[in-house]
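My request is simple: use the sequences and hints to build the entire structure.
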Amino acid sequence: MHAQREDGPLAGWYVISLRPSGGHAPVRRAASALGARTLPVSTLALRALDPGPSLAAALACPAVVFTSPAAVRFARARQPLQPAPGQRWYAVGRGTAAALLRAGVTGVLAPAGRGESETLLALPGLEAGGGRDVGVVTAPGGRGLIAEELGRRGFLVHRAEVYQRVPVRPRADRLAALAALPESSALLVSSREAFDGFWSRLEAPVKETLQRRPAVASSPRLAAYLAASGFRRLVMADGAMPTQMLRALAADVGAGRFR
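Numbering (my numbering), first residue to last: 271 to 529.
FYI, nobody ran anything at the bench for these hints, they're computed from the structure.
Don't take each hint at face value.
Computed Cβ-Cβ distance ranges for the label pairs, DEER-style [as the list claims (entries may be wrong)]:
#1 Ala447 with Gly356: 48 to 58 Å
#2 Pro437 with Gln352: 30 to 40 Å
#3 Arg503 with Pro437: 19 to 29 Å
#4 Lys477 with Ala327: 42 to 52 Å
For clarity, every value in this text was computed on a predicted model and none was experimentally measured.
C-beta: ideal position from N, C-alpha, C; glycine also.
Next up, the structure:
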């Protein structure tokens with residue numbers, strides 16, 4: 271249980287978390303610290319994949335890219351993460367960099383601002399491949415742009431898929447609880463795949479209610495997708511970490527946007 275701040279900037283608010291099954295705890299902690307409560311609704315679960323020899327090959331490349339905190343976690347479960355001298359290890363964002371640090375990896379290169387494929391690909395050493403090898407530790411689908419763009423830039427890409435996202439049926443009681451949420455509630459969206467699985471399960475009246483409430487997007491691309499899905503009260507976060515998304519909501523609430 272997390273202590274609820276009764277005087278926090280989000281006191282009285284609920285946030286809807288679409289994180290994969292078993293992954294809501296960081297959202298709950300971030301929400302509780304600001305006074306909000308969390309309704310978890312999972313439409314995806316993360317499952318380990320056996321990468322075979324591809325993981326060792328990817329980790330042996332001069333440059334190694336991790337596309338998510340989950341990629342770090344599942345790779346670490348397979349073998350220790352120990353960069354060799356002269357290697358450059360990259361993280362798509364601060365959450366992934368933090369996961370690598372917890373695994374004992376220091377000196378990771380990550381975007382200073384918003385964690386996105388484009389900002390990662392702008393980092394030093396990833397501009398042009400010249401036939402050099404690069405490892406990409408990832409999942410099927412998802413951030414496929416990274417590996418594709420590195421290939422276009424002349425890198426020899428060694429892809430290691432260490433986990434997969436599988437659809438799961440959201441709990442009926444959680445979906446039913448959506449209709450009872452107060453007006454001071456917001457949807458957190460950091461994955462289009464998770465959002466699509468959630469949105470496709472909802473009846474029209476619930477969709478219309480949520481479209482009138484704030485939705486926090488972790489990237490401009492997701493914000494545009496939510497706008498096209500009918501959301502009118504969009505909040506832009508600096509990234510996908512729960513603290514980033516909740517602080518962005520708290521800032522807009524504090525500024526009086528949603529009174």
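Hint check results:
no. : hint                           : result
1   : Ala447 with Gly356: 48 to 58 Å : 52 Å, holds
2   : Pro437 with Gln352: 30 to 40 Å : 35 Å, holds
3   : Arg503 with Pro437: 19 to 29 Å : 28 Å, holds
4   : Lys477 with Ala327: 42 to 52 Å : 45 Å, holds
When held up to the earlier numbered hints, the structure conflicts with none and fits them all.
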